[in-house]
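Asker: This is what each chain is made of:
There are 2 protein chains.
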Amino acid sequence: MFYHPEESLQRSELDQLQTERLKAVVENARKSPFYAERLKGFDTREISTPADIVKLPFTTKDDLRSQYPYGLLTRPLDEFVRLHASSGTTGSPTAIFYTQKDIDTWADLMARSMHTAGIRKSDVLQNMSGYGLFTGGLGIHNGSERLGCLTIPAGAGNTRRQIKLIRDFNVTVLHIIPSFALYFAQKVREEGFDPKDMPWRIALIGAEPHTEETRQRIEELMHIKAYNSYGLSEMNGPGVAFECTEQSGMHVWEDAYIPEIIDPVTGEHVAEGEIGELVMTTLRRDGMPIIRYRTRDLTRFIPGECACGRKHRRIDRIAGRADDMLIVKGVNIYPMQIEQVLMSMPEVGQNYLIELFHEGFMDQIRIKVEIKDQFFVEDMRALQNLQKSIASRLCSEILVTPRVELVMHDSIPKAEGKAVRVVDLRDKE
Amino acid sequence: MFYHPEESLQRSELDQLQTERLKAVVENARKSPFYAERLKGFDTREISTPADIVKLPFTTKDDLRSQYPYGLLTRPLDEFVRLHASSGTTGSPTAIFYTQKDIDTWADLMARSMHTAGIRKSDVLQNMSGYGLFTGGLGIHNGSERLGCLTIPAGAGNTRRQIKLIRDFNVTVLHIIPSFALYFAQKVREEGFDPKDMPWRIALIGAEPHTEETRQRIEELMHIKAYNSYGLSEMNGPGVAFECTEQSGMHVWEDAYIPEIIDPVTGEHVAEGEIGELVMTTLRRDGMPIIRYRTRDLTRFIPGECACGRKHRRIDRIAGRADDMLIVKGVNIYPMQIEQVLMSMPEVGQNYLIELFHEGFMDQIRIKVEIKDQFFVEDMRALQNLQKSIASRLCSEILVTPRVELVMHDSIPKAEGKAVRVVDLRDKE
Ligand SMILES: [Zn+2]
Ligand SMILES: [Zn+2]
Numbered sequence: 001m002f003y004h005p006e007e008s009l010q011r012s013e014l015d016q017l018q019t020e021r022l023k024a025v026v027e028n029a030r031k032s033p034f035y036a037e038r039l040k041g042f043d044t045r046e047i048s049t050p051a052d053i054v055k056l057p058f059t060t061k062d063d064l065r066s067q068y069p070y071g072l073l074t075r076p077l078d079e080f081v082r083l084h085a086s087s088g089t090t091g092s093p094t095a096i097f098y099t100q101k102d103i104d105t106w107a108d109l110m111a112r113s114m115h116t117a118g119i120r121k122s123d124v125l126q127n128m129s130g131y132g133l134f135t136g137g138l139g140i141h142n143g144s145e146r147l148g149c150l151t152i153p154a155g156a157g158n159t160r161r162q163i164k165l166i167r168d169f170n171v172t173v174l175h176i177i178p179s180f181a182l183y184f185a186q187k188v189r190e191e192g193f194d195p196k197d198m199p200w201r202i203a204l205i206g207a208e209p210h211t212e213e214t215r216q217r218i219e220e221l222m223h224i225k226a227y228n229s230y231g232l233s234e235m236n237g238p239g240v241a242f243e244c245t246e247q248s249g250m251h252v253w254e255d256a257y258i259p260e261i262i263d264p265v266t267g268e269h270v271a272e273g274e275i276g277e278l279v280m281t282t283l284r285r286d287g288m289p290i291i292r293y294r295t296r297d298l299t300r301f302i303p304g305e306c307a308c309g310r311k312h313r314r315i316d317r318i319a320g321r322a323d324d325m326l327i328v329k330g331v332n333i334y335p336m337q338i339e340q341v342l343m344s345m346p347e348v349g350q351n352y353l354i355e356l357f358h359e360g361f362m363d364q365i366r367i368k369v370e371i372k373d374q375f376f377v378e379d380m381r382a383l384q385n386l387q388k389s390i391a392s393r394l395c396s397e398i399l400v401t402p403r404v405e406l407v408m409h410d411s412i413p414k415a416e417g418k419a420v421r422v423v424d425l426r427d428k429e
Numbered sequence: 001m002f003y004h005p006e007e008s009l010q011r012s013e014l015d016q017l018q019t020e021r022l023k024a025v026v027e028n029a030r031k032s033p034f035y036a037e038r039l040k041g042f043d044t045r046e047i048s049t050p051a052d053i054v055k056l057p058f059t060t061k062d063d064l065r066s067q068y069p070y071g072l073l074t075r076p077l078d079e080f081v082r083l084h085a086s087s088g089t090t091g092s093p094t095a096i097f098y099t100q101k102d103i104d105t106w107a108d109l110m111a112r113s114m115h116t117a118g119i120r121k122s123d124v125l126q127n128m129s130g131y132g133l134f135t136g137g138l139g140i141h142n143g144s145e146r147l148g149c150l151t152i153p154a155g156a157g158n159t160r161r162q163i164k165l166i167r168d169f170n171v172t173v174l175h176i177i178p179s180f181a182l183y184f185a186q187k188v189r190e191e192g193f194d195p196k197d198m199p200w201r202i203a204l205i206g207a208e209p210h211t212e213e214t215r216q217r218i219e220e221l222m223h224i225k226a227y228n229s230y231g232l233s234e235m236n237g238p239g240v241a242f243e244c245t246e247q248s249g250m251h252v253w254e255d256a257y258i259p260e261i262i263d264p265v266t267g268e269h270v271a272e273g274e275i276g277e278l279v280m281t282t283l284r285r286d287g288m289p290i291i292r293y294r295t296r297d298l299t300r301f302i303p304g305e306c307a308c309g310r311k312h313r314r315i316d317r318i319a320g321r322a323d324d325m326l327i328v329k330g331v332n333i334y335p336m337q338i339e340q341v342l343m344s345m346p347e348v349g350q351n352y353l354i355e356l357f358h359e360g361f362m363d364q365i366r367i368k369v370e371i372k373d374q375f376f377v378e379d380m381r382a383l384q385n386l387q388k389s390i391a392s393r394l395c396s397e398i399l400v401t402p403r404v405e406l407v408m409h410d411s412i413p414k415a416e417g418k419a420v421r422v423v424d425l426r427d428k429e
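Protein chains in written order, with UniProt numbering: chain X, 1 to 429; chain C, 1 to 429.
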């Protein structure tokens with residue numbers, strides 16, 4: 001049933017394995033110039049449970065930048081066989097190095113992840129993502145071959161050729177970026193094919209964060225099961241956390257990583273089930289271990305146990321970036337929380353705007369919400385009820401009462417490109 | 001000194017190995033629907049030396065097309081982990097399938113090839129070719145990792161980022177397409193860097209056929225050693241034949257392939273050292289063996305032994321496609337032969353035109369040659385001498401006496417895009 005024996009470990013076994021491996025990681029990390037300095041004075045014997053990880057310092061993106069390119073390497077450069085680098089278009093670049101052992105570990109984790117989503121050796125996988133420095137391409141490719149799938153390195157673009165390959169070779173699994181999947185489903189229809197008749201059954205769409213609604217749309221439009229996953233190059237790439245066939249959160253492979261969720265301001269663990277910043281530690285990276293890496297990605301642990309039987313903790317889909325966090329009346333608020341509430345209400349249109357301002361010494365939050373035309377009626381009472389209902393739902397999610405202002409469809413100015421969702425007027429006063 | 005023991009095999013040992021492996025290939029190939037039929041009635045015991053390969057039938061591109069997609073597979077589909085397909089924009093597509101063992105064999109041959117060109121584990125290789133269905137990307141990538149080089153999957157394009165990666169990571173080896181190399185050398189200068197100061201030392205430029213002059217220009221402009229190689233997806237991809245550090249022809253790895261050179265019309269072997277069509281047989285492809293594949297590529301065996309000590313036969317750089325061959329007075333002539341003679345003469349300009357026509361029942365060949373302005377002088381005798389000298393050099397190369405006509409610079413009309421070099425007027429008469 002499971003691909004690796006590690007998948008069936010009980011919680012106590014996972015805890016023990018994590019403890020042992022965390023100790024080894026600390027010892028290994030000290031071989032790098034960066035951690036030799038950073039971990040000076042830390043006694044590895046202070047670790048006796050995974051929870052002791054809080055005694056270790058964080059590692060940030062800025063640390064990776066300042067150590068570029070070789071500061072985190074624990075081995076001589078000629079023992080490495082691969083590097084992936086960020087483009088460095090924003091700020092300084094970062095680079096992640098892999099030994100052959102690291103590449104093998106990654107491929108194994110990736111193969112396990114795909115198996116977890118129901119993919120088998122007999123599947124035919126078309127890898128529709130770009131290759132190159134982006135870890136998604138080679139990561140999925142190596143995992144697919146490791147699992148034994150017939151792997152088609154189609155790369156990105158060229159919709160017609162993609163369709164031809166899928167039909168000619170009875171492709172059963174697609175690795176496809178979610179935003180491209182929506183376009184692709186349309187194109188398949190335009191080329192005269194019914195998605196129902198296509199041979200595919202599974203789409204891996206974890207390459208970019210997306211909502212549950214997007215997943216459901218992809219599943220409906222393509223007649224496919226779409227699986228979410230989580231990865232980042234600092235933790236190898238894809239294959240860090242993956243949905244099982246229950247599709248209820250992504251299992252973090254806790255034999256290979258220790259996940260934590262912290263308050264981005266205080267650095268303390270949040271209460272179980274609360275949203276915060278995901279912090280990750282590699283337990284099986286040999287050449288470039290990274291301890292307590294602040295991913296800046298927001299998510300929460302999903303409480304309880306998964307019906308699949310795996311005890312590896314699950315994280316929820318990514319709900320934005322820590323840098324988006326707002327503090328209002330001392331409470332952490334994530335715009336994604338507000339968006340989720342609004343988008344769940346049928347009366348609400350596509351656009352909204354969050355405004356923060358001071359009233360006296362108090363923070364206030366005002367949310368302008370576009371209402372669909374058919375609900376923007378003359379009946380004042382109906383509108384008032386809608387307004388109260390939105391405010392109350394938001395309050396129970398963000399724990400602060402916002403002022404809700406209903407506005408007409410298309411009345412919030414749209415910026416070119418990325419939508420502006422938050423205006424903070426507090427600094428200007 | 002050598003990467004694999006097979007590199008030091010003596011000729012008699014290679015012959016023996018080829019004989020054994022060829023027998024095994026025939027037996028394995030029979031498991032595929034295509035060869036079961038094609039080899040019906042052939043008794044494997046008829047093979048007792050590699051020369052007996054001529055008793056086997058050819059396989060053509062059309063065969064691959066008619067058998068698309070699965071006709072040449074010797075194993076169940078779920079034992080394959082990779083396929084590369086031609087784009088199929090011209091004519092029907094072809095597809096090549098690989099088992100895990102085939103991928104490993106390919107990576108090994110590729111690693112050996114790179115080692116032969118002087119690349120070592122301590123090198124840093126930047127793979128500047130596209131990935132995807134093109135075998136050059138993943139082929140070089142896997143070989144580089146297999147050899148233990150630090151491999152940067154940069155992919156194609158983005159010149160500035162390429163330069164930054166090369167400088168940041170002290171890249172010593174580039175895999176780069178020759179036409180891009182010439183552009184890239186220019187760009188590096190424009191960005192303010194002297195190629196002499198760049199960390200590179202070796203460029204692999206085998207991805208597209210090119211002349212010796214192009215290689216020398218790349219070497220001079222980039223201050224680099226540029227190595228040619230030969231490969232095609234039907235024989236895995238790159239890693240079929242590679243230049244050693246002697247740079248005097250490409251060693252075909254004869255423990256893995258049997259190369260032949262034939263007259264494209266008669267199908268008979270040409271005399272040693274003569275140009276003809278390269279025919280290749282896989283000796284180590286498990287899932288999809290191909291016997292006597294007509295590559296349509298023109299080359300010749302380089303006579304004699306290489307100073308490096310390897311006995312694996314060498315082929316010359318590709319001199320065009322068999323489809324370009326002309327038959328004049330019963331003699332095979334390749335336009336590339338004519339081009340090579342012309343381009344070796346300092347008086348000759350960039351353009352020329354080959355015209356074939358009938359005179360009575362006889363084929364005639366006329367070659368219009370543009371002469372550089374400074375040589376197009378009033379002195380009739382000097383021009384006549386030049387004309388005779390060109391005709392005589394051409395005759396000793398193509399074994400037919402052409403009529404040579406000297407014309408002024410820019411007097412031969414240039415077509416848009418690809419130059420028209422041959423006009424055959426014989427069909428029209
Ligand atoms: Zn599960
Ligand atoms: Zn040699």
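Wrong hints could be hidden among the right ones.
A pair holds if it fits inside one copy or across any two, identical chains being indistinguishable in the list.
In silico DSS-like links for lysine-lysine, alpha-carbon gap of 25 Å or less [claimed, not checked]: (1) K101 / K121; (2) K121 / K31; (3) K121 / K329.
Honestly, the hints are just simulated from the structure, not real lab data.
Asker: Among the hints numbered above, which are violated by the structure, and what are their numbers in rising order?
Answerer: Violated: hint 3 alone.
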